[in-house]
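Protein chains: 4
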Amino acid sequence: MVHVGIVGHRGYSGAELLRILQRHPRVGPIQLEHREEFAGPAIRNRKTLAQLPCTPEAVRGQGLKLVFLATPPEVSMELAPVMLEAGARVIDLSGAFRLRTPERYTTWYKEPHTQPALLAEAAYGLPEFCRDRIAGARLVANPGCYPTAANLAIRPLLEAGVIDRTHGIVCDAKSGVSGAGRKPTLKTSFCEVTENFSAYSILKHRHVPEVLQVSGLEDAEFSFTAQLLPLDRGILETIYFRATGVASADELLAIYEKRYQNEPFIRIFHSGHVPDLRGVARTNFCDLGVTLDAKSGRAVVISALDNLVKGAAGQAVQNMNLMLGYPETEGLL
Amino acid sequence: MVHVGIVGHRGYSGAELLRILQRHPRVGPIQLEHREEFAGPAIRNRKTLAQLPCTPEAVRGQGLKLVFLATPPEVSMELAPVMLEAGARVIDLSGAFRLRTPERYTTWYKEPHTQPALLAEAAYGLPEFCRDRIAGARLVANPGCYPTAANLAIRPLLEAGVIDRTHGIVCDAKSGVSGAGRKPTLKTSFCEVTENFSAYSILKHRHVPEVLQVSGLEDAEFSFTAQLLPLDRGILETIYFRATGVASADELLAIYEKRYQNEPFIRIFHSGHVPDLRGVARTNFCDLGVTLDAKSGRAVVISALDNLVKGAAGQAVQNMNLMLGYPETEGLL
Amino acid sequence: MVHVGIVGHRGYSGAELLRILQRHPRVGPIQLEHREEFAGPAIRNRKTLAQLPCTPEAVRGQGLKLVFLATPPEVSMELAPVMLEAGARVIDLSGAFRLRTPERYTTWYKEPHTQPALLAEAAYGLPEFCRDRIAGARLVANPGCYPTAANLAIRPLLEAGVIDRTHGIVCDAKSGVSGAGRKPTLKTSFCEVTENFSAYSILKHRHVPEVLQVSGLEDAEFSFTAQLLPLDRGILETIYFRATGVASADELLAIYEKRYQNEPFIRIFHSGHVPDLRGVARTNFCDLGVTLDAKSGRAVVISALDNLVKGAAGQAVQNMNLMLGYPETEGLL
Amino acid sequence: MVHVGIVGHRGYSGAELLRILQRHPRVGPIQLEHREEFAGPAIRNRKTLAQLPCTPEAVRGQGLKLVFLATPPEVSMELAPVMLEAGARVIDLSGAFRLRTPERYTTWYKEPHTQPALLAEAAYGLPEFCRDRIAGARLVANPGCYPTAANLAIRPLLEAGVIDRTHGIVCDAKSGVSGAGRKPTLKTSFCEVTENFSAYSILKHRHVPEVLQVSGLEDAEFSFTAQLLPLDRGILETIYFRATGVASADELLAIYEKRYQNEPFIRIFHSGHVPDLRGVARTNFCDLGVTLDAKSGRAVVISALDNLVKGAAGQAVQNMNLMLGYPETEGLL
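Residue numbers (the working numbering), protein chains in the order written: chain G, 1 to 333; chain Z, 1 to 333; chain P, 1 to 333; chain X, 1 to 333.
What the hints contain is simulated information worked out from the structure, not anything from laboratory work.
Bear in mind the structure is a predicted one, so any value in this text is a computation, not a measurement.
Just so you know, not all the hints are guaranteed correct.
Given that identical chains are not distinguished, each listed pair holds provided it fits within a single copy or across any two copies.
DSS-like cross-link-like pairs, simulated, lysine-lysine; straight-line CA separation at most 27 Å [claimed, not checked]:
id : residue 1 : residue 2
1  : K295      : K110
2  : K187      : K65
3  : K295      : K204
Using the sequences and the hints given, assemble the complete structure.
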């Protein structure tokens, strides 16, 4: 039994991470208590969990091989070097180490990046496209929830050359409220969300540069709107583009089938079936479906996942499995 | 057009009050800006509204006849004497002036009462039982949402002597989330409430003494549990007791019919129909229904209302109509 | 008091129509009882309403000037000529008379059109663009809910020439469940909808040809996906296009402001404010907001309305007001 | 790997049963296809499952040791003898075999009981109170969801003699919509349930006699109301009674602690913590909490469980584990 630490177990992603790790047959989670941005009551846990102060001494003393940071970016920038120094590898669930340059980070997160060397070193934790780098990395930047759904849908088609980039890609994204975190705000209070639906960060969400980095799209080619659904968990993205060089939806599906044939967490939906949020809730799957108007080339891809699992904690455990040499699906099926 | 002031228009009750008053044909609402406990963004209003500072000068200068306080009890205790001094009559939506003695207030609200003379003077604003006192009052204590539903259901039956008090009365109450106010808390955040249902203040809710005062029940005769429904607005109370001296549900209904025959906001449901929350949403009605097991005398009354309307802002306007000599239903149907 | 008839008052649109007409100061609604596709229990109504059999004799005998058909298309095709013959003008809320040719109807509704002459005669009931024809029409085809939101957003910009049509327009539409009608189906049952979000009729919804007819777009220029929100009422459409010849969102807003300056039911949202579903619930408003990335020309318009009001019953009453010479907003504010 | 059959896998209980059995390490589920009352589309299953016709030949040919009937009572009465005859033991999730006499069945289910001999033979499947009989039974009547929550709360206190039966017990029950089954009805359609809360079967729910049978209460001592919550799954019962001979909530808790000390699926909540539906969702736990007003003896017990798990499919698997000699928690933690 290998011990791994979690900082930020009171947030929704951290709590989901705890839940997954408690069922994982090879690791034992330990809560590392840090003064956190949101210090609300802990989410109920079934078993009592080991707790330690969030210090290098505790990490070294306990011999923790790996620490998950489910903390805000500024806390992650502070803790990542400390944990690495103490001998633990790090998977960070925040946006701190996802963008490639400090400048880009500052542009989107409105603050300086205090760890440019680590930023340069970090591996981007999207296993379907970065598996080898993740396995050997000291520091993994776990992807954002929206970019995971978008990149898994878009990149295989771009690689196959079937998207007409001159027309651009539209990604209309909808997320459950848990994606906004557990800290109480008016915007996420029940009476404001129930029976409502609203858009935010239109064309300027900080997850956009993650999509551009992974897909290779230019800013002008990618239009993204985030929207808040009156439900707890799940992201569904409706992605529009012009297909080129394909005569049927089946040809697009074949590209996905081929690219993802060995991927345990990607499910391709064939005609007549459309991914929805119930189908992915509480799973680490990303479901993909395709519609094509063959005459005009207009295509729609639906990409659905659970923002707390494949969009956060589940993907983090998938990355941990790669880093520690376990079967990639361990604890996730 | 008579001008009336509102302090606390940013909360849910205050905002509902604004909405009702904006459609009222005889009054024009004015927002009085007070430093408030919750200073979140205002709820969207259709028309631009007159605003004034919340001072005696403004109240006197504008000649406001009446001011609504949709503020926390401690703010109401501070503002009520100021407004009265400035020549306005006051309807207070908080719990500040509902209980009959300062001692009782301190027991339930955990703080001293700073205005005992006003407490003694205040009329309890349940029109169906206190109409005459309300009409002539300077200060009206608008009832709590739970006690309104309970007292309208219980008191006519107690007066008619058909409740066996030795068995006691059980009132199992359920409320929508808007009853908890607009200030963001973890307890009222979407992800904690959706797909959940939970009890709170079991046997010790501060609305209990209001029920006892109006009904004449003893503490030991009344068991009350408050519970949070995953919906925005509405209170439904399921009230259990042993009936005595009645042979059918119709006899119980006849008591209600007689007592409420001239009441515009009480609707009695006859057999086969049961009040529910959809039926009262956005109305000033309280709906009542009865079930009786004639053999054993076990009886169940369902009482339903909208906590923001008949349970708060609507009842406050009903009280205003009485105080200013308008038809009681003006602006409320 | 002019009497108007309603066929189909048991469905959600018909019930909403009843509610609006009961508050309308100039008309008295009468329920016309027809054997209907869905004969479920009536939605609760506050007042007892006059009822008549749905026959030409009753319509003529009562001297009904106007009849609303809130019925499925095949019933509307059967009843429209009967009602016209009996001397009533007709507003049909179904899709029976919206498309311009019988062929187009058959393509999208999968059945022959039995009233081609009436189809040719019918006026399309979108007041903001067809006010004059509606006022004098015998038969008005009340628009679909999705096309109302789409056309009000798109057509002014197309007329102003600021949409680059070569890039096409994407309309990602989300609707509350009441849009699917009141007849119980597995798809609209609570347990299937709550905590879920799903797409349907991707690129082939029968509302698409209504958008093309009113906007003048070609099929290949317009991509439309309908999606089901876990809420009762409301439609929000997120519309993407490339703007041409405009340098700022304000220029796009100015086009709307000018085009809709005299329109009582269109509200333009300026920067920092985004339309959402709470803001339009239970109103006849359509709210419009704009975001532009000036560098690339990528633009997003949000269009929101209540599918049962501006998307159905409210717009039908707006049309009735035009037809009967009443102020257009009567009963709707 | 022992094979077990499921009839009725398209309903919510049957689908939940499939899900649990697919993760169970010792059994392999087989779908038995019966013409069913509700023949809607199957709930999505992760793996392809073996299917057989629902015939004695198939059951015998496959050597099925046990068959679950997740069917309406009249279908269960038809199938139970067939399955037993074919050599399988039976766990029936319907109400067909729960009541002790055919007369009682007819009173509550409004139809004759066609299998009185099997009714007499059936063991009532509440493991916490009937473990030994279940282990050896050929036919187990899996308890109703409401009675499971009620009996687990009430019976230990009745056995301990701490409930004053002259005052009677009130059980105010609230259930998620999945308890009403998957067949689409107006009552369970999304638009009727969302933002609503309503009571049904007041004082005459067919689950009442199950509570009386297990607890030993008389009809006149037990008042029960069922109510529909706007959520998918979960039952919470608020149970009121007069305690006698106890001086604190802790004494009541001690009774539960002692009675349930070896029970893996009962959790006792101590002061300051109250069971809610989130805490039991997707688990086989029943959570119990107690509040007491020591002066008057008024007591409130909260009992919460997931109606599809401990209230149906999970408890059925618990019974299967007992019948087949597996650890009772196998596949359920």
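Evaluated hints:
Taking the closest pair of Cα atoms, K295 and K110 come within 27 Å of each other only across two copies (21 Å); inside a single copy the shortest separation is 45 Å, beyond that limit. In the homo-oligomer, the alpha carbons of K187 and K65 never lie at most 27 Å apart, since the shortest distance is 38 Å inside one protomer and 36 Å across protomers. Proximity of K295 and K204 under a CA criterion of 27 Å is satisfied inter-copy only: 13 Å between copies versus 33 Å inside one chain copy.
When the structure is compared with the earlier hints, a violation turns up for hint 2 alone.
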